[in-house]
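Protein chains: 2
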Amino acid sequence: MRIEVICTGDEVLTGKIVNTNFSYISQKLEDFGLAVTWETTVGDDREDLLLAFRLAGDRADAVIVNGGLGPTVDDLSQEIAARAAGVELELNEPWLATMEDYFRRRSRVMPSNNRKQAMLPAGAEALDNPVGTACGFAVTIGRARFMFTPGVPRELRRMLEDQIIPRLLAKAGKQTAIYLKRFHTYGIGESHADSLLSGVEALALGGRVKLGFRAHYPQLETKLAVRGADMDEVSRTLAPVEEAVRKRFGNFIVAEDDATLEGVVLGALRAREATLAIVETFSSGQIAGRIAHLPGAEAVLRRGVVARRREDICAVVGLDPDALKEGMSKEAAGMVARAALAQTGATHALAVLVDVDDGADRIEFAGTICLAIVTANDTVLRRSRVVGGRDWVRLGVVEMGLDCLRRYLQDLPVDERIDFEKVE
Amino acid sequence: MRIEVICTGDEVLTGKIVNTNFSYISQKLEDFGLAVTWETTVGDDREDLLLAFRLAGDRADAVIVNGGLGPTVDDLSQEIAARAAGVELELNEPWLATMEDYFRRRSRVMPSNNRKQAMLPAGAEALDNPVGTACGFAVTIGRARFMFTPGVPRELRRMLEDQIIPRLLAKAGKQTAIYLKRFHTYGIGESHADSLLSGVEALALGGRVKLGFRAHYPQLETKLAVRGADMDEVSRTLAPVEEAVRKRFGNFIVAEDDATLEGVVLGALRAREATLAIVETFSSGQIAGRIAHLPGAEAVLRRGVVARRREDICAVVGLDPDALKEGMSKEAAGMVARAALAQTGATHALAVLVDVDDGADRIEFAGTICLAIVTANDTVLRRSRVVGGRDWVRLGVVEMGLDCLRRYLQDLPVDERIDFEKVE
Chain W
-12 MRIEVICTGD EVLTGKIVNT NFSYISQKLE DFGLAVTWET TVGDDREDLL LAFRLAGDRA
48 DAVIVNGGLG PTVDDLSQEI AARAAGVELE LNEPWLATME DYFRRRSRVM PSNNRKQAML
108 PAGAEALDNP VGTACGFAVT IGRARFMFTP GVPRELRRML EDQIIPRLLA KAGKQTAIYL
168 KRFHTYGIGE SHADSLLSGV EALALGGRVK LGFRAHYPQL ETKLAVRGAD MDEVSRTLAP
228 VEEAVRKRFG NFIVAEDDAT LEGVVLGALR AREATLAIVE TFSSGQIAGR IAHLPGAEAV
288 LRRGVVARRR EDICAVVGLD PDALKEGMSK EAAGMVARAA LAQTGATHAL AVLVDVDDGA
348 DRIEFAGTIC LAIVTANDTV LRRSRVVGGR DWVRLGVVEM GLDCLRRYLQ DLPVDERIDF
408 EKVE
Chain C
-12 MRIEVICTGD EVLTGKIVNT NFSYISQKLE DFGLAVTWET TVGDDREDLL LAFRLAGDRA
48 DAVIVNGGLG PTVDDLSQEI AARAAGVELE LNEPWLATME DYFRRRSRVM PSNNRKQAML
108 PAGAEALDNP VGTACGFAVT IGRARFMFTP GVPRELRRML EDQIIPRLLA KAGKQTAIYL
168 KRFHTYGIGE SHADSLLSGV EALALGGRVK LGFRAHYPQL ETKLAVRGAD MDEVSRTLAP
228 VEEAVRKRFG NFIVAEDDAT LEGVVLGALR AREATLAIVE TFSSGQIAGR IAHLPGAEAV
288 LRRGVVARRR EDICAVVGLD PDALKEGMSK EAAGMVARAA LAQTGATHAL AVLVDVDDGA
348 DRIEFAGTIC LAIVTANDTV LRRSRVVGGR DWVRLGVVEM GLDCLRRYLQ DLPVDERIDF
408 EKVE
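Protein chains in written order, with my numbering: chain W, -12 to 411; chain C, -12 to 411.
Bear in mind the hints are in silico, worked out from the structure with no lab data behind them. Hints are not guaranteed to be accurate.
The list treats identical chains as one, so a pair stands whether inside a single copy or across any two.
Unchecked claim - Derived EDC-like pairs (lysine to aspartate or glutamate); straight-line CA-CA distance at most 20 Å:
no. : residue 1 : residue 2
1   : K15       : E(-2)
2   : K312      : E285
3   : K210      : E77
4   : K168      : D88
5   : K3        : D181
6   : K210      : E(-2)
7   : K3        : D244
8   : K210      : D(-3)
9   : K197      : E230
10  : K168      : D181
11  : K210      : E243
12  : K3        : E177
13  : K15       : D(-3)
14  : K197      : D244
15  : K234      : E77
16  : K312      : D217
17  : K161      : E188
18  : K197      : D(-3)
19  : K197      : E(-2)
20  : K3        : E17
When you get a sec, could you build the whole thing from the sequences and use the hints?
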């Protein structure tokens, strides 16, 4: 099945908005074994829209059109869809009632120009939008089924998942109960992850699990897209694969599905009514910054501090100014963490000290990380070296700090070797 | 002149990479008064590439193709360009020599598959790439001049500015000395900025200055694109407009061109050999995080601290635990900043305390900001209320903290009203 996407709107065409709607659509379809073969972006221009619709209608089996369903004069999708399909626009009474109700529930009167959003090509199938006033619709142009979606990302996402993907899967003759399982890992590169998971798809009965990766350094997202006749079958299909992924990735899984590394760390600390102090240098307070603003963090994060010079680090935790004059080491990090623990009365302290290379930024630019986690009775230390330029090192240090804390709280080894560190 | 862009590559088509190259190209062209009218994305597929080239060659005057110039088998741009132009591929000897030299200077032997990058359609005009091994080229297909560019962003940007835009301007009959002046402001919304600058374009002799905005909350970038016969003329043309923008935006300009707000703040502190302590709450250490990792920050940033509960804020700066029990106020922020100054021995201290609304995130979610900047002899206070959801408030607080510090260091009023705060 040949699927095309048409993105509309001057803001996207002029580059004022980066087209993340398209990458979202394409990735989401791929999750369910559907491939986009062609994408076109045109502005709010009648002739270009008509031409784009006709060309896609000649080439494709299905076309997703994004944008142009709003209430203003430059929203042209319904009008041009009707022209391309050779029909008139007509009022969709149920959608008008839905919109009026939408405004009434918000104690507002519907502006008259919103009525335009209920004008659909005659014979179009309406696609529900429970989170906005733009009505989606499906209509046939040429040999393709066109599905029109709103440009607002939140509305697009909902319509894509609830309305569009089931229709595309049905059109492609695929089963329609669908589920996407996600694992977030830190410390495994994409090609390593790929080889670790070699053959897992075959563990599913009938081969209905599709494996995919999305790398956003320092984390890697691993996706298992599952199809089946119903959700029971999906769960049964997924179970052996899910178990295998968990086993093979092991300690490197930082979170699953919508959970985040920082959320897992905060949750583990809250669960034991623990409190935390963090001391940072080159990571600039970004470890604390991942946690401090989360709901519930006020009860956990006693203090986050950042300083760059050794004497300032000593001063901030109340150590003798000369305490670090021998240089950074994991033992020094332990001393700093212990001082922070004593000073703040927190139950846990994390110190992440970094010695960065001198000179201009370059790809070989590296940082040596000395990390300590201490509690009243325990001290855990780690030393590592990360290479790849200033920003790359900084991102890696933040993630390593959070991940070591997660490992400690989950009783896992904090010094397990990761793919991003340099062996010395 | 009708300009189209064709983006190629499976990574872009599948959404694995968000297509920022396209938005960059389109924005850059707009800066110089050129408009993209149509964009097409196709994968690494011979038939689709050929069709995309032919369709664009029939419609457009100029086409920029991005990607597919690499050394691997799925890089197909030269091959399909030759097919579409009806010519053979032939070895470009000068580019082969350039590549061999490129590898020699890096003490490496050129892999044999790189030779493919020097194979251009017969009669093509080579477009220099001083930062990579992909050779750009221009060729005529149908009625359009096609310009082929590398997918690596750094290489694309260089080729676009040095090679493509001058050719497009020449083709459009426009003058070719071009310059882009940029102002970064904080505290002025886009429509307000637009009205403030009403008529500035007309101050340029001959109307060769084009005004544009790019909002990336909390900052706004204002761009003046200037054309002229040579750079002297460009400077003369720009001068009255530049002066008017500086005057009308006044204190709201945080930086110009490649400079950043945090860089300006750090520079101003370094210039007076000052040192800084920062105390943060809901901004999670992100104010310090904007400064701490910059080269030279180690000599300036004595300490950055973050805590969420009032008693923890007191503890961190050595105040009595009950010192903030009356609640947040700008006077309380002043007390915290003064304590941080005494504690760290820094010359300047910034305290940014935030009281955030309770409950779930929503668009009406607000934060009250109490801010203080103190030195040995001086105390400056500010109170403000920002609305718009947790993330929006947090971003706004970080920028306000940095900007008040800039204003203080530049002897400007720190309590000037901004567009993003709510009048109480």
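Against the structure, the hints:
1. K15 x E(-2): between (23 Å within a copy, 14 Å between copies)
2. K312 x E285: between (34 Å within a copy, 16 Å between copies)
3. K210 x E77: neither (42 Å within a copy, 44 Å between copies)
4. K168 x D88: neither (36 Å within a copy, 49 Å between copies)
5. K3 x D181: Between. Shortest inter-copy distance 16 Å satisfies the 20 Å Cα cut-off; intra-copy 36 Å does not.
6. K210 x E(-2): between (31 Å within a copy, 17 Å between copies)
7. K3 x D244: Result: close only across copies, 18 Å inter versus 31 Å intra.
8. K210 x D(-3): Answer is between: at 19 Å across copies they meet the 20 Å cutoff, but 33 Å inside does not.
9. K197 x E230: within (15 Å within a copy, 59 Å between copies)
10. K168 x D181: within (16 Å within a copy, 46 Å between copies)
11. K210 x E243: This pair counts as within: shortest intra-copy Cα distance 10 Å, inter-copy 43 Å.
12. K3 x E177: between (32 Å within a copy, 13 Å between copies)
13. K15 x D(-3): For K15 and D(-3), the Cα distance is within 20 Å only across copies (15 Å; inside one copy 24 Å).
14. K197 x D244: within (16 Å within a copy, 47 Å between copies)
15. K234 x E77: Neither: 56 Å inside a copy, 53 Å across copies.
16. K312 x D217: neither (64 Å within a copy, 57 Å between copies)
17. K161 x E188: Classified as within: same-chain Cα gap 18 Å, cross-chain 57 Å, threshold 20 Å.
18. K197 x D(-3): Answer is between; shortest inter-copy Cα gap is 18 Å, intra-copy 36 Å.
19. K197 x E(-2): Between copies, since 18 Å is at most 20 Å while 35 Å is not.
20. K3 x E17: between (27 Å within a copy, 10 Å between copies)
The structure does not agree with the numbered hints 3, 4, 15 and 16 stated previously, though it agrees with the rest.
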